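Student: Below are the chains, spelled out letter by letter.
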Amino acid sequence: MTELAVVGVPFAPPTRFAVPGRIAVGEQDAAVWRTATLTAIRRETADVVTVRLAVPGWAGHLPGQHLMLRLTAGDGYAAQRHYSIASAPDASEHIELTVDHVEGGEVSGWFHTVAAPGDTVEVRGPVSGFFAWPGDRPALLVGGGSGVVPLMSMVRHHRARRLDVPLRLLVSARGPEELIYAREYGAETTPVFTRSAPDGVAVGRMAAAHVAPLLAEQPAGGWEAYVCGSNGFAEHASRLLVAAGQPVHRIRIERFG
Amino acid sequence: MNVTRGFTGRPRVPNAALPPGQYDAGDDWPVLSAEVTPELAPADWSFRIDGLVERPRSWSWEQAHELPESSYEGDIHCVTSWSKFGVRFGGVSLDAFLSVVRPHVSATHVVAYSHTGYTANLPLADVTGGRAWIAWEYDGRPLAPEHGGPARLLVPHLYFWKSAKWIAGLRILDHDEPGFWEGNGYHARGNPWEEQRYSGD
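So the protein lines, in turn, are chains A and B. According to the working numbering, the first sequence is numbered sequentially starting from 8. According to the working numbering, the second sequence is numbered sequentially starting from 9.
Honestly, I wouldn't trust all of these hints.
[To be verified] Just the calculated beta-carbon pair ranges, DEER-fashion: (1) Ala25/B <-> Gly64/A: 33 to 39 angstroms; (2) Ala47/A <-> Leu26/B: 44 to 50 angstroms; (3) Pro63/A <-> Pro19/B: 43 to 49 angstroms.
[As the list claims (entries may be wrong)] Facing chain B, a subset of chain A residues (Cβ under 7 angstroms, in silico): (4) Pro17; (5) Tyr84; (6) Ala86; (7) Ser115; (8) Gly136; (9) Val210; (10) His217.
Source of the hints: derived by calculation from the structure; they are not laboratory data. None of these values were measured; they are calculated from a predicted model. Even glycine gets a Cβ: it sits at the ideal position worked out from N, Cα and C.
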């Protein structure tokens, strides 16, 4: 017997995870390459810088979204990479990206060794609505290394708009000197140091003991969890969340690659 | 052309097998799933094809392995710009499954879905004619869970988000319906040679 699709009802699989994206994505904005001019570069850690870009015509973004960035050499060779947006959305037509110096990385290497205010690059976006956080639900943010970048956009948005919705950040770094945005964190943040820590602070991998207190203080409606980092970190952190009782379908993951 | 001051880029290695905007990831195989990697044992895995077909049916792990073996050796391309060359997957051609269920003449598209709930839409023509597989081996070994094991869809001529991990089934349709990433701004088809990354490309 032939099974007929019901007209007008989109197919939905029997199991669903963090279902659709949090927002609709503007097709036109994602399709256009725009020229962006570096207006400032500031050092975050020995291997990490933040670049501020003026992007005339930038249509705005939501915390957690990323963009595609393109550098072009004189012979026409181009390299493009995805970067999370670090800044909170505002009306300034400026955005900030935080760039980790990847060993041998042709794009991150350019930012770290060549880039100066006045240089131009190209960006298109923002792209993808899956990891976006509009500020509407309690957010439990878990980042490893430079995985904290899209989460910091959420923290900054939360502050800038003085949002009441609960927000917590667990951020893992090898040591205090490698903790990106260290001076900006407040009571919402718990840093976890894996190799070295300030006096009186434990050293070790993120563990159930870090996650349990956050899941014990369940806000109304529960947490929406956002996990970002290397694949190894994302696998570890997402397993901790599941083991602590966070529903699988309310964990959104962005992995480097 | 908008030349970036002082940017030279990697040494140019002419490679006709590299689609535009891609780079060779070498031995790396990045994992980019947006959901938690499921704990799915082969005994708990199943694969179903239904929708616009004559005989909808499901296969268990053992039943799927009774179909003729088929392998893919070649390249894969991820929308995030990495390509990986000379990969080797083992499994069964999707044609072997489709010849059992027999899609209706009105069928034009499929939605592939995962045991996690992930979805990806594809034209039926992109998953027939020896261009798509259900794959459970990589390089002669069981496919790792983070790469979609025990079994994933493999459609190597399209960007790799179409090759749904932890594949659970195909729903055959007479129209196109956006899947997970396609509903998040990605291109409906995702042909790397035409650089169809995002909606509007």
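Student: Each hint should be assessed against the structure and marked as holding or not.
Tutor: Evaluated hints:
Between Ala25/B and Gly64/A, the C-beta spacing of about 36 angstroms keeps the proposed range 33 to 39 angstroms intact. A hinted range of 44 to 50 angstroms for the beta carbons of Ala47/A and Leu26/B is inconsistent with their spacing of about 35 angstroms. For Pro63/A and Pro19/B, the Cβ-Cβ distance of about 34 angstroms falls outside the hinted range of 43 to 49 angstroms, so the restraint is violated. A least Cβ separation of about 5 angstroms between Pro17/A and chain B falls short of the 7 angstroms threshold, and the interface hint therefore holds.
Evaluation of the Tyr84/A hint against chain B yields a held restraint, the C-beta minimum of about 5 angstroms falling below 7 angstroms. Satisfaction of the interface hint for Ala86/A is found here, the shortest Cβ-Cβ separation to chain B being roughly 5 angstroms, below the 7 angstroms cut-off. Restraint check, Ser115/A versus chain B: the minimum CB separation of about 12 angstroms is more than 7 angstroms; hint violated. Annotation: Gly136/A was flagged as interfacial toward chain B, and the flag holds, the nearest CB pair being 5 angstroms apart, inside 7 angstroms.
The interface hint given for Val210/A is violated, since its Cβ lies 27 angstroms from the closest Cβ of chain B, which is over the 7 angstroms cut-off. Given the 7 angstroms rule on beta carbons, the hint for His217/A is violated: about 18 angstroms separates it from the nearest Cβ of chain B.
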